[in-house]
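What follows is the residue order along each chain.
Protein chains: 2
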Amino acid sequence: MREPIVLDGSRVAAEIKANLAGRVERLKELGIVPCLATILVGGDPASATYVKMKANACRRLGIESVRVELPETTTTEELLEAIGRLNEDPAVHGILLQHPVPGPIDERAAFDAIAIGKDVDGVTMLGFALNTFGAAAYPSCTPAAILTILDHYGIGIEGRHAVVVGRSPILGKPVSAMLLNRNATVTICHSKTTDLAEMVALGDIVVAAVGKPRFIQGEWIKPGAVVLDAGYNPGNVGDVDYEAACRNASAITPVPAGVGPVTISMLLKHTVEAAERAAGLR
Amino acid sequence: MREPIVLDGSRVAAEIKANLAGRVERLKELGIVPCLATILVGGDPASATYVKMKANACRRLGIESVRVELPETTTTEELLEAIGRLNEDPAVHGILLQHPVPGPIDERAAFDAIAIGKDVDGVTMLGFALNTFGAAAYPSCTPAAILTILDHYGIGIEGRHAVVVGRSPILGKPVSAMLLNRNATVTICHSKTTDLAEMVALGDIVVAAVGKPRFIQGEWIKPGAVVLDAGYNPGNVGDVDYEAACRNASAITPVPAGVGPVTISMLLKHTVEAAERAAGLR
Numbered sequence: 010m011r012e013p014i015v016l017d018g019s020r021v022a023a024e025i026k027a028n029l030a031g032r033v034e035r036l037k038e039l040g041i042v043p044c045l046a047t048i049l050v051g052g053d054p055a056s057a058t059y060v061k062m063k064a065n066a067c068r069r070l071g072i073e074s075v076r077v078e079l080p081e082t083t084t085t086e087e088l089l090e091a092i093g094r095l096n097e098d099p100a101v102h103g104i105l106l107q108h109p110v111p112g113p114i115d116e117r118a119a120f121d122a123i124a125i126g127k128d129v130d131g132v133t134m135l136g137f138a139l140n141t142f143g144a145a146a147y148p149s150c151t152p153a154a155i156l157t158i159l160d161h162y163g164i165g166i167e168g169r170h171a172v173v174v175g176r177s178p179i180l181g182k183p184v185s186a187m188l189l190n191r192n193a194t195v196t197i198c199h200s201k202t203t204d205l206a207e208m209v210a211l212g213d214i215v216v217a218a219v220g221k222p223r224f225i226q227g228e229w230i231k232p233g234a235v236v237l238d239a240g241y242n243p244g245n246v247g248d249v250d251y252e253a254a255c256r257n258a259s260a261i262t263p264v265p266a267g268v269g270p271v272t273i274s275m276l277l278k279h280t281v282e283a284a285e286r287a288a289g290l291r
Numbered sequence: 010m011r012e013p014i015v016l017d018g019s020r021v022a023a024e025i026k027a028n029l030a031g032r033v034e035r036l037k038e039l040g041i042v043p044c045l046a047t048i049l050v051g052g053d054p055a056s057a058t059y060v061k062m063k064a065n066a067c068r069r070l071g072i073e074s075v076r077v078e079l080p081e082t083t084t085t086e087e088l089l090e091a092i093g094r095l096n097e098d099p100a101v102h103g104i105l106l107q108h109p110v111p112g113p114i115d116e117r118a119a120f121d122a123i124a125i126g127k128d129v130d131g132v133t134m135l136g137f138a139l140n141t142f143g144a145a146a147y148p149s150c151t152p153a154a155i156l157t158i159l160d161h162y163g164i165g166i167e168g169r170h171a172v173v174v175g176r177s178p179i180l181g182k183p184v185s186a187m188l189l190n191r192n193a194t195v196t197i198c199h200s201k202t203t204d205l206a207e208m209v210a211l212g213d214i215v216v217a218a219v220g221k222p223r224f225i226q227g228e229w230i231k232p233g234a235v236v237l238d239a240g241y242n243p244g245n246v247g248d249v250d251y252e253a254a255c256r257n258a259s260a261i262t263p264v265p266a267g268v269g270p271v272t273i274s275m276l277l278k279h280t281v282e283a284a285e286r287a288a289g290l291r
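Chains as they are written, first to last, in this note's numbering: chain A, 10 to 291; chain B, 10 to 291.
Each hint should be verified, as a subset may be incorrect.
[As the list claims (entries may be wrong)] With beta-carbon atoms standing in for the labels, derived distance ranges:
#, chain 1, residue 1, chain 2, residue 2, range
1, B, G40, A, S177, 43 to 53 Å
2, A, P113, B, E81, 46 to 56 Å
3, A, E87, B, L290, 28 to 38 Å
4, A, A144, B, E87, 19 to 29 Å
5, B, E81, A, E24, 43 to 53 Å
6, A, D160, B, P178, 22 to 32 Å
7, B, G165, A, A253, 28 to 38 Å
8, A, P113, B, K221, 48 to 58 Å
[What the hints assert, rightly or not] Listed below are several chain A residues computed to face chain B (Cβ distance under 7 Å; list not exhaustive):
#, residue
9, F137
10, K201
11, N245
[What the hints assert, rightly or not] Reference listing, derived: stretches of chain B covered by chain A, where coverage requires no fewer than 3 residues with Cβ under 8 Å from a Cβ of chain A:
#, segment
12, 52-59
13, 176-182
14, 195-205
Just so you know, these hints were derived from the structure itself, not from any lab. All residues carry an ideal CB built from backbone N, CA and C; glycine is no exception.
Input sequences plus hints: build the corresponding full structure.
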């Protein structure tokens, strides 16, 4: 086999951000500064890092970020009130509630409290349903990143067989719906799938979204398949055994610098679009 | 091959209705009459027949049915007002808006105006999302019927490969989600699927939901597979070539008297459950 095309997420993200930079400038000329509010509840260091990364990415693009930090002891009611205030604030265009919140909080209720017009991270039930019906303004960011990478590299989706490994509410389920809406035949696999190797081997497009390091074996990949690895495990390791998969794949996302950077750029894009809608530009 | 087990929807429906009859009695002893409101907009004869069938099925079980009939010229606003009145009416436990409504009406807005607690037909966006996340009180009736038939006959779902042909919002998409939530590996096929025959041949469980008479060929069915035919085409013909499929299937729903009668019993069951919730019994 030839070497696969490496689907360079850093390059895709850079192009998206270059496009967004111009749009942020236009908004500022109209007196509007796009603004993402991030909510961090409790002191989980990984979550704190993620929120900081997102806020930094905003700042570099000229998007304002409002950081709301709430204590570990926050109640569901208090969190809902904080979200309600951000919903009402016309200066805030997008709201991101960092997952996971501390155990006692009703995370689903908190996600669903985010106004649909500000749900730039695609976490509400309504946003999920709209996305499944092909009508969401802001799909979940990682699924959107996966589709964006395919489109960027001109990889066809219609009529191809996409095999998605994983069925989480913000990744496996919505990416399956989005691939289906783009006319792929879609198979969804998970921990209870028997013969996972055989299933993965059916895929023209394989999306790995399981959260287990190097779980998808290289020999499972059909020769010529396109592999998108949405995993991000400790030690910068994806869900796919990258080196082995390269022997079969025609194109593959690396980890890091694959799906991850495009995911963040989707969050930025949705925030800019929300600001453009508020400005009547969309 | 041996003859397949015929999955007798009429018998399944009869058992469900026998169970519901006792529950309706108990509700009446508490002074509560379960009530389904049906809304028919315009004069489409097939729609009128469907609504009448559903109302008759209610009556036979002691469930009250309120029939709202609106003229062809009804506006979206007028329909939303009618739905709003039924939402507010404590005597109404379930609301069914007969699909399709006349073209100028925003059907999606009308469906989504139904209060989630009265969405016994499972047509709202929120109900769809809840169902996809395994938390819906009232899933769409045909998908619920398919699962009920499988369970009634003790046919295992977990770890099996289910192939769903069709991706409509009230059938293909929700039944895929329900099979996935029951730990099937799920493949969703549709009009843009290449090699449909090969895909169907992978299925341990095949769900036909395309609306094309005898579209699924018997020789596509893997020997021993279970076939559920949700099609109902003119002339009482399903989406599966029944006679030919019988040569391969281990179990199959006929048309008529397969999925259809169980679908109506799901509507009745959801209405009774909504009344039980109103009575504080659930």
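Hint by hint, here is what the structure shows:
Range check, B:G40 to A:S177: about 45 Å between beta-carbon atoms, so the 43 to 53 Å window is met. For A:P113 and B:E81, the Cβ-Cβ distance of about 53 Å falls inside the hinted range of 46 to 56 Å, so the restraint holds. In this structure the hint that A:E87 and B:L290 lie 28 to 38 Å apart at CB holds, the actual value being about 34 Å. A C-beta distance of roughly 24 Å is found between A:A144 and B:E87, which places it inside the suggested range of 19 to 29 Å.
Separated by about 51 Å at the C-beta atoms, B:E81 and A:E24 satisfy the suggested range of 43 to 53 Å. The hint said 22 to 32 Å for the Cβ distance between A:D160 and B:P178, and at roughly 25 Å that hint holds. The given range of 28 to 38 Å is respected by B:G165 and A:A253, whose C-beta atoms sit roughly 33 Å from each other. A:P113 and B:K221 have their C-beta atoms about 51 Å apart, which keeps the hinted 48 to 58 Å range intact.
Residue-level restraint check for A:F137 holds (minimum Cβ-Cβ distance to chain B is 5 Å; threshold 7 Å). The restraint placing A:K201 at the interface with chain B holds, with a minimum CB-CB distance near 4 Å, inside the 7 Å limit. Proximity of A:N245 to chain B is violated relative to the hint, the smallest CB-CB distance being about 30 Å (cut-off 7 Å). Coverage of the segment 52-59 of chain B by chain A is violated [criterion: at least 3 residues with CB-CB distance below 8 Å; count 0].
Counting residues of the segment 176-182 of chain B whose CB falls under 8 Å from any CB of chain A gives 3; the rule of at least 3 is met. Counting residues of the segment 195-205 of chain B whose beta carbon lies closer than 8 Å to any beta carbon of chain A gives 8, which meets the minimum of three for the stated coverage.
When the structure is compared with the earlier hints, violations turn up for hints 11 and 12 and for no others.
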